[in-house]
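Here the protein sequences come in this chain order: A and B.
Counting in my numbering, the first sequence runs from 1 upward without gaps.
Counting in my numbering, the second sequence runs from 1 upward without gaps.
Worth flagging that the hints you see were computed from the coordinates, not collected in a lab.
Watch out, some of these pointers could steer you wrong.
Here are some chain A residues pointing at chain B (derived, C-beta under 10 Å) [as the list claims (entries may be wrong)]:
(1) ILE88
(2) VAL125
(3) ILE147
(4) ALA155
Note that beta-carbon positions come from the ideal geometry of N, C-alpha and C, so glycine has one too.
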Amino acid sequence: MEGLAYSRRSFLARALAAAASLALFRRLSKAEASVRQAPGQAVAARPHRWGMVIDLDRCTGCQACVVACWAENNQPLPSPEAHRAGRIIEWMTLLPSTEGEYPAVRQRLMPVPCQHCDRPPCTPVCPVFATYKNPEGLVAQIYPRCIGCRYCVNACPYTCKFFNWSTPTWPAPMEAMHNPDVSVRPKGVTEKCTFCHHRLIRAKEQAASDGRTLREGDYVPACMQVCPARAIAFGDLDEPNSAASQLGRSPRRSLLQEELGTRPKVTYLAEA
Amino acid sequence: MAQPRDLEADLIASMTRFSRPFFLLVGFLLAVIGFAAYAWVHQLRDGLVVTGLNRPVFWGIYITNFVFFIGISHAGTLISAILRLCQAEWRRPITRMAETITVLVLFIGAGNIIMDLGRPDRALNVFLHPNFRSPLLWDVTSITTYVTASICYLYLPLIPDIALLRDRLPRRRWFYGALALGWRGTPNERHRLELAIAVLAVVVIPIAVSVHTVVSWVFAMTVQPMWHSTIFGPYFVVGAIYSGIAALILAMAVLRKTYRLEAYLKPVHFKNLGLLLLVMTCLWTYFTFAEYLTTFYGHEPDEMTIFWAKLSGPYAPYFWTMAACCFAIPLVILSLPATRTIPGMVVASSTILVGMWLERFIIVVPSLINPRLPVPTSGYTPTWVEGAITAGAFAAFLLLYTLFAKVFPIISVWEVEEGRQRGIQDTVERLTTYLPEGEAPPAPATKTAWEWSR
Numbered sequence: 001m002e003g004l005a006y007s008r009r010s011f012l013a014r015a016l017a018a019a020a021s022l023a024l025f026r027r028l029s030k031a032e033a034s035v036r037q038a039p040g041q042a043v044a045a046r047p048h049r050w051g052m053v054i055d056l057d058r059c060t061g062c063q064a065c066v067v068a069c070w071a072e073n074n075q076p077l078p079s080p081e082a083h084r085a086g087r088i089i090e091w092m093t094l095l096p097s098t099e100g101e102y103p104a105v106r107q108r109l110m111p112v113p114c115q116h117c118d119r120p121p122c123t124p125v126c127p128v129f130a131t132y133k134n135p136e137g138l139v140a141q142i143y144p145r146c147i148g149c150r151y152c153v154n155a156c157p158y159t160c161k162f163f164n165w166s167t168p169t170w171p172a173p174m175e176a177m178h179n180p181d182v183s184v185r186p187k188g189v190t191e192k193c194t195f196c197h198h199r200l201i202r203a204k205e206q207a208a209s210d211g212r213t214l215r216e217g218d219y220v221p222a223c224m225q226v227c228p229a230r231a232i233a234f235g236d237l238d239e240p241n242s243a244a245s246q247l248g249r250s251p252r253r254s255l256l257q258e259e260l261g262t263r264p265k266v267t268y269l270a271e272a
Numbered sequence: 001m002a003q004p005r006d007l008e009a010d011l012i013a014s015m016t017r018f019s020r021p022f023f024l025l026v027g028f029l030l031a032v033i034g035f036a037a038y039a040w041v042h043q044l045r046d047g048l049v050v051t052g053l054n055r056p057v058f059w060g061i062y063i064t065n066f067v068f069f070i071g072i073s074h075a076g077t078l079i080s081a082i083l084r085l086c087q088a089e090w091r092r093p094i095t096r097m098a099e100t101i102t103v104l105v106l107f108i109g110a111g112n113i114i115m116d117l118g119r120p121d122r123a124l125n126v127f128l129h130p131n132f133r134s135p136l137l138w139d140v141t142s143i144t145t146y147v148t149a150s151i152c153y154l155y156l157p158l159i160p161d162i163a164l165l166r167d168r169l170p171r172r173r174w175f176y177g178a179l180a181l182g183w184r185g186t187p188n189e190r191h192r193l194e195l196a197i198a199v200l201a202v203v204v205i206p207i208a209v210s211v212h213t214v215v216s217w218v219f220a221m222t223v224q225p226m227w228h229s230t231i232f233g234p235y236f237v238v239g240a241i242y243s244g245i246a247a248l249i250l251a252m253a254v255l256r257k258t259y260r261l262e263a264y265l266k267p268v269h270f271k272n273l274g275l276l277l278l279v280m281t282c283l284w285t286y287f288t289f290a291e292y293l294t295t296f297y298g299h300e301p302d303e304m305t306i307f308w309a310k311l312s313g314p315y316a317p318y319f320w321t322m323a324a325c326c327f328a329i330p331l332v333i334l335s336l337p338a339t340r341t342i343p344g345m346v347v348a349s350s351t352i353l354v355g356m357w358l359e360r361f362i363i364v365v366p367s368l369i370n371p372r373l374p375v376p377t378s379g380y381t382p383t384w385v386e387g388a389i390t391a392g393a394f395a396a397f398l399l400l401y402t403l404f405a406k407v408f409p410i411i412s413v414w415e416v417e418e419g420r421q422r423g424i425q426d427t428v429e430r431l432t433t434y435l436p437e438g439e440a441p442p443a444p445a446t447k448t449a450w451e452w453s454r
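For reference, chain A alone in the conformation it holds in the complex (with noise of 0.2 Å):
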């Protein structure tokens, strides 16, 4: 009786141990394996972590990002009707905000894209995975599985995403106009600031034909590349001495509301 006892107790335990190592094998083999599937990864061993630094302080509210973005990504042109319907596209968005009480007031602007959370609350609620966190922490939307429930734009705390009330339209000659590498999404879906993914998918390719990796300003949005005041820094945060992780350890740094965990990867730097 004893010895059955301990056969199995000792059974059990190294059942435990190969179930626990097979666990962990599979786990290790499936991180290498999505490292190497990412794509663009033939040359650059390590993902990056894409992130954006917004120079308040700088900022003169030209708007130059918002009309840099609506070009750069295929957005409808925003009508004087849509405007005050409240169903403009705008995936850069200069926010109005009124600090203060009288007589010291102060009226500010925020440019505020998608703050590409490293805890997006956006990506768990959709219902069938259009939109998701891609390897490099971009916050990715998939137009054509998206189902138009607007869950995720709800669940977004800095109403961020976008819907597509209608199928987008643009002025006659404005049609030939458009960014070939950003496809225009249908109506009924939703979609947002993408840190200019496609820009990303060209850096790649451009330096994977020259034989090198990514270097610093090879990927740059098209708000940070029209900014006139260089209000925008953007880069890798996980490259210690990129220019927007030096920034981003600026004693002026905040994150838009940092209180819920979100981890956004968009950082303020408040005025002086």
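Dock chain B against chain A, hints included.
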């Protein structure tokens, strides 16, 4: 009662009599549904731009309807299952009506989600690419389970009645014959049927509770102010049962009049349900109070914006109408024996249904219109399309219910008959087991509390 009534004959007479008002009603409902279909085609062609929805009010009346109709679905299966398990003898003429509401209204509720989708053509993606981390998929799972269980739970007790109709209505034999599954009513068959119903009654209760719990979790699992609440699960379940009983009472009152079922649906049935409704009034009020007081005392700025929008801001008319319709009016009507009559209960049930719809509306919209970041908003005014589709949803429910009552007996004939034959004896036997053994003491001279309450 002077002479025993023949339920079978009464019901078959109502089922085979197609009067002018019946055709008028069906025609009217079809017209409303047709108009809703036109509105939906309009919405499919142009997109959700034809609704009043916008940024940040991404959800509106369709989601309100969804929550409302799924709530009503708790009328049936849950009430009927609980009453069956409690061996409440007065349930017998009610269960069928209740279960029918459940099954039909679940389809209407789920249909409203389809109306709300930007891409209804891709709705099946929830089965092709299911993300089980999403509360919406919990909804899909829970509601499909509930629909399946409710259909079984409606169908099983129908089988003996269908067999009855098969034998009594030869012209519809092809239909009832197939559905009766060769039922002959042998003791063996009866025993199995009763066992199956008993098992289903137990199974269906946790499913029903799960349904409105996960409906509430669609809201509560987000971090949005006044959605992210831990009591939303039970709060929604209580509200669902509350509106469900109200809908059941209304259906009973209407059928009693139109089908002349006064002999079967007696005031005592209404009174018992009315007492249940009173309990739910108190429970619902308690939950609402707990929810709002906790928010107020915590005084978080984001939540308080929405709190005041509801209590004294643009949504105050809705909030206080809800408070009157779900708390003040039914509490008074249902508490006073003088007003706890059938007309009184019809009034209370109607106000409860209005109030509960408003409750869902002021859960959905004010939270969305006051997001955490000060996004400029242009309000939310529903359009005729949303109105037409909502009217169509109600009309579709009424039409299906009307037609169901023409095709199937809306009162369970065999169960009422069983109550006559076995119920009294069973109840007496059961009561004796509660009492101490031996001779009964002499009857008390004073009235009991129960008699006083009448």
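Unsatisfied constraints (hint numbers, rising): none
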